[in-house]
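Under the working numbering, the residues of the sequence shown are numbered 40 to 180, in order.
It cannot be assumed that every hint is accurate.
Claimed, not checked - Distance condition first, Cα-Cα at most 25 Å in a straight line; then the derived DSS-like pairs of lysine-lysine:
1) K71 <-> K53
2) K71 <-> K47
3) K53 <-> K164
4) K71 <-> K127
5) K127 <-> K53
Derived from the structure by calculation, the hints contain no laboratory data.
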Amino acid sequence: MSRPLSAKEHALLKFLIEANEPLHGDRTNQWKTQVETCLVREIDSPYFLAVVHEENIERAGRDSITLGYELVGVDHGVPVLVYAVAMKTPSDYFIDIFNVDRLDGEPLVNYPEAGDGLMIVERNKRVGGADLRHLYGKSGS
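Can you make the complete structure from the sequences, with help from the hints?
In structure tokens, the structure reads:
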């Protein structure tokens, strides 16, 4: 069953998209517009979401990429990874997957809040935001 993003989901996804502007440029404006009114479906959990696309976009999908920057937060001392996947079509990329994953596999207790409390990582290395390297493996700066 499809549903709109909740306010906290929308804020976090928008923050993730904005964090990716240095890597993905003007495409991020299109993605922000896309997620304003998108519908999502829960895949395996309430935090693993597939964006619902028009049928012609779904059929045109050829490949996918994970956005270059991901976010890391903390939920009761456990790292939480936040990422999005974009689907490539012949003409453009569309946000397709949005996931908030508590890395111990347990359900989230507190949903991450968009903002300065999150660490921005690229390939497991900190590139900005909060310094949570002590919780998130060997992410250098």
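Verification of the supplied hints:
Under the criterion of a C-alpha separation no larger than 25 Å, the hint pairing K71 with K53 is consistent with the structure, at around 6 Å. This hinted pair checks out: K71 and K47 have alpha carbons roughly 15 Å apart, not beyond 25 Å. Distance hint between K53 and K164 is fulfilled; the C-alpha atoms sit about 21 Å from each other, no more than 25 Å. Restraint check for K71 and K127: the C-alpha separation of about 16 Å stays at or below 25 Å, so the hint holds.
Straight-line distance between C-alpha atoms of K127 and K53 comes to about 19 Å, which keeps the hinted pair within the 25 Å bound.
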